[in-house]
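Asker: Each chain, letter by letter, is given below.
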Amino acid sequence: MTTKKKISAASAVDVVPKGTNDVWVYTDIVKEHFFHPKNLVMDASAMKGYDGLGMVGSPACGDMMKIWIKVDKKDDRLQEMKWQTFGCGSAIAATSMLSVMVTENGGMKIAQALSIKPQDITKRLGDLPTRKIHCSVLGDKALRSAINNYFIKSHQKDRVVKEQVRIIDKAANVTDHDIEEAVLEGAQTLEAVQKKTKVGVGNPEVIPEVEQLIRFYTEKYFG
Amino acid sequence: MKKNIYLDHASTTPTDPRVVKAMEPYWTKYYGNPSSLYQLGLQSKNAITLARVKISQLLDCQADELIFTGGGTESINLALKGVLQKNPGAHFITSSIEHHAVLHTADTLKKLGHSVSILPVDDQGFIRLEDIEKAIKDNTKLISIMIANNEIGVIQDIQKIGALIEKINRERIAKGLPIIYFHTDACQAGGTLDLNVKKLHVDLLTINGSKVYGPKGVGALYMKTGTNLGPIIDGGGQEKNIRSGTENVPGIVGLATALELAHQSQTKENARLIKLRDKLIKEILAIIPKTRLNGHPSQRLPNNVNISILDIEGEAMLLYLDEIGIQASTGSACTSTTLDPSHVIRALGCPYEVAHGSMRFTLGKATTEDDIDYVIKHLPKIVDHLRHASPVRVDMDEVAKAIKNAPRQIIEL
Ligand SMILES: Cc1ncc(COP(=O)(O)O)c(C=O)c1O
Numbered sequence: 001m002t003t004k005k006k007i008s009a010a011s012a013v014d015v016v017p018k019g020t021n022d023v024w025v026y027t028d029i030v031k032e033h034f035f036h037p038k039n040l041v042m043d044a045s046a047m048k049g050y051d052g053l054g055m056v057g058s059p060a061c062g063d064m065m066k067i068w069i070k071v072d073k074k075d076d077r078l079q080e081m082k083w084q085t086f087g088c089g090s091a092i093a094a095t096s097m098l099s100v101m102v103t104e105n106g107g108m109k110i111a112q113a114l115s116i117k118p119q120d121i122t123k124r125l126g127d128l129p130t131r132k133i134h135c136s137v138l139g140d141k142a143l144r145s146a147i148n149n150y151f152i153k154s155h156q157k158d159r160v161v162k163e164q165v166r167i168i169d170k171a172a173n174v175t176d177h178d179i180e181e182a183v184l185e186g187a188q189t190l191e192a193v194q195k196k197t198k199v200g201v202g203n204p205e206v207i208p209e210v211e212q213l214i215r216f217y218t219e220k221y222f223g
Numbered sequence: 001m002k003k004n005i006y007l008d009h010a011s012t013t014p015t016d017p018r019v020v021k022a023m024e025p026y027w028t029k030y031y032g033n034p035s036s037l038y039q040l041g042l043q044s045k046n047a048i049t050l051a052r053v054k055i056s057q058l059l060d061c062q063a064d065e066l067i068f069t070g071g072g073t074e075s076i077n078l079a080l081k082g083v084l085q086k087n088p089g090a091h092f093i094t095s096s097i098e099h100h101a102v103l104h105t106a107d108t109l110k111k112l113g114h115s116v117s118i119l120p121v122d123d124q125g126f127i128r129l130e131d132i133e134k135a136i137k138d139n140t141k142l143i144s145i146m147i148a149n150n151e152i153g154v155i156q157d158i159q160k161i162g163a164l165i166e167k168i169n170r171e172r173i174a175k176g177l178p179i180i181y182f183h184t185d186a187c188q189a190g191g192t193l194d195l196n197v198k199k200l201h202v203d204l205l206t207i208n209g210s211k212v213y214g215p216k217g218v219g220a221l222y223m224k225t226g227t228n229l230g231p232i233i234d235g236g237g238q239e240k241n242i243r244s245g246t247e248n249v250p251g252i253v254g255l256a257t258a259l260e261l262a263h264q265s266q267t268k269e270n271a272r273l274i275k276l277r278d279k280l281i282k283e284i285l286a287i288i289p290k291t292r293l294n295g296h297p298s299q300r301l302p303n304n305v306n307i308s309i310l311d312i313e314g315e316a317m318l319l320y321l322d323e324i325g326i327q328a329s330t331g332s333a334c335t336s337t338t339l340d341p342s343h344v345i346r347a348l349g350c351p352y353e354v355a356h357g358s359m360r361f362t363l364g365k366a367t368t369e370d371d372i373d374y375v376i377k378h379l380p381k382i383v384d385h386l387r388h389a390s391p392v393r394v395d396m397d398e399v400a401k402a403i404k405n406a407p408r409q410i411i412e413l
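Line by line, the protein sequences give chains A and B. So for the first sequence, this note's numbering puts the first residue at 1; every next one is plus one. So for the second sequence, this note's numbering puts the first residue at 1; every next one is plus one.
Bound conformation, chain A alone (with noise of 0.2 Å):
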């Protein structure tokens, strides 16, 4: 049997574009948290007595993370951020800077700590290769949602708040939702997303992005 389909050699067999070629050096900082990541759960079975825990991802995008949260109640302010992760040398150092960003100081207000950009980790690291900045991406939302399992165990439902949408192609106007949305429409190629959506049609340099985005929500609704 053969499948006939209009794709490219190259995604055909998962090797996609070329072009992107920014070179790829890790600075100091981002070695110090990937060598001594701050925080890091060595076993699991032992995390007891958190407030709130969260996990987001899956190993077969690369990029898994789990977070452990302890609240102070009294002052609405994290206390203790722990986590895990099955990832690259970038997704473990912005992690374990985001552990280190969440609890320094006496710990960050809930509300602040909701407010987290994956650009406010990457500058306190001095930086990323720019290819690397989507592997940084799943900590804020890990941490959202151990927040929001925090709510959830501790009665204030009303604070839980919904994911926020992330523009992905700012000339199209398309978010990861909309993405999302593609693909849960039975959209699973770029060409069948592009058709709905326009993204990256103008702007090819957000494609490795949408092509991430599509398998990952592939293998996550028809995995």
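In short, the hints are calculated from the structure, not lab data. Just so you know, these numbers come straight off a predicted model, no measurement behind them. A hint or two may mislead.
Unchecked claim - One-sided and incomplete, this derived list gives chain B residues near chain A with beta-carbon spacing under 7 Å:
hint: 1; residue: Thr28
hint: 2; residue: Tyr31
hint: 3; residue: Gly32
hint: 4; residue: Glu313
hint: 5; residue: Glu315
hint: 6; residue: Ala316
hint: 7; residue: Leu319
hint: 8; residue: Ala333
hint: 9; residue: Glu353
hint: 10; residue: His356
hint: 11; residue: His388
hint: 12; residue: Val392
Think of the CB as a built atom: it goes at the ideal place given N, C-alpha and C, for glycine as much as any other residue.
Please arrange chain B with the ligand on chain A, whose structure you already have, making use of the hints.
Answerer: Using the frame of chain A, we list chain B with the ligand on its own:
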């Protein structure tokens, strides 16, 4: 002193000092343009002729069946585009585990109006003969299948495939159909395998210097007499008008010297490498739980070890290994420019997470048993550390099931 163990020879090899020495005179002493008719020109021309003869002996072909190029990628582009530009709209067949040089060229061919079929491989990495037969169409003009894979080292039975294509061609001639040319990418095999083009039954074969302790940026294309192929670089008409441009004389001399040296020590060196390779494979699989060898255990390059280590990610492993002086490579998405995990390991039917956790160690001339022992000693500790820090627990049975149930279809572009 910090260790420096280079286990990435599939990526490139150091140039052998004897090769450097052979190239040396052609930079400043014999710098003439081979096309010039005076002494200096003749010296350069003779050097190229001698290199051509040497390589033709190794491949068992005529000297004038070799075209020198600027590396493996260029030879591949020349073979594929060179044949198909003479056959508008013709059909091209290749495999899902080829180097990007072939697969991206296939995309370009598609855009130029050709049709392309991509063959699947089985769980060990082999192309099945029946898939080749199935994929062939009346207008098929070229088939390209690599002899040895750069990621998982698997060695295809090119001899058998070549013989099959020859048999099919005899039938096609009787039916008045165009004959099919057969190209093999032998970049990874130049130092270790027998590349006798007659025994392999190939019409076109690509080799390069970068993987055989020769210079980078130089390669050759074997082109059987009578193969109808046009140039992809036009100009002054060098290399039988197939590859114009002033010849890279030191590079060509270096390529011939490197291939000759590799040939001299081939049998002994292969045996030595196979012993080290098998030790590394056996020990990693025995010591580290939840590991999987990618590619066939023995039908693989003597220097290639490719193992997926589950529940952790390859780039993290790579960085830890680098920190203790081991330089290797991974099929993880995070080290590719495209954010996609290895297409070769995926083609075996492996789920993404298996590709993300794949590590490739490719040994070389300088690799010692001590080096292998060093890896065996340190890798388990790194894996253990990263696994403790990982929330993922992949089910090995699920992986086995996924591989067994992988679709393995011929993809038509
Ligand atoms: C199998 C294979 N084909 C082609 C190439 C491309 O060769 P080059 O880098 O000389 O252009 C390589 C090396 O990268 C290779 O391993």
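Asker: Each of the hints needs a verdict: does it hold here or not?
Answerer: Tested hints:
1. Interface restraint check: Thr28 (chain B) against chain A, minimum CB-CB distance 33 Å, threshold 7 Å, status violated.
2. A cut of 7 Å between beta carbons decides the hint on Tyr31 (chain B): the least distance to chain A is about 33 Å, and the hint is violated.
3. Checking Gly32 (chain B) against chain A: minimum C-beta separation of about 36 Å lies over 7 Å; hint violated.
4. At about 5 Å, the closest approach between the beta carbon of Glu313 (chain B) and any beta carbon in chain A falls short of 7 Å, and the interface hint on this residue holds.
5. The closest approach between the C-beta of Glu315 (chain B) and any C-beta of chain A is roughly 4 Å, which is under the 7 Å cut-off, so the hint is satisfied.
6. A distance limit of 7 Å between C-beta atoms decides the matter here; for Ala316 (chain B) the minimum to chain A is near 6 Å, and the interface restraint holds.
7. Because the smallest distance between the Cβ of Leu319 (chain B) and any Cβ of chain A comes to about 5 Å, under 7 Å, the interface hint for this residue holds.
8. Interface restraint check for Ala333 (chain B): the shortest CB-CB distance to chain A comes to about 5 Å, inside 7 Å, so the restraint holds.
9. The interface hint given for Glu353 (chain B) holds, since its Cβ lies 4 Å from the closest Cβ of chain A, which is under the 7 Å cut-off.
10. Here the hint on His356 (chain B) is kept, as its CB sits about 5 Å from the closest CB of chain A, short of 7 Å.
11. Satisfaction of the interface hint for His388 (chain B) is found here, the shortest Cβ-Cβ separation to chain A being roughly 4 Å, below the 7 Å cut-off.
12. For Val392 (chain B), the interface hint holds, the least distance from its beta-carbon to any beta-carbon of chain A being 4 Å, beneath 7 Å.
In this structure, the hints that do not hold are numbers 1, 2, 3, in rising order.
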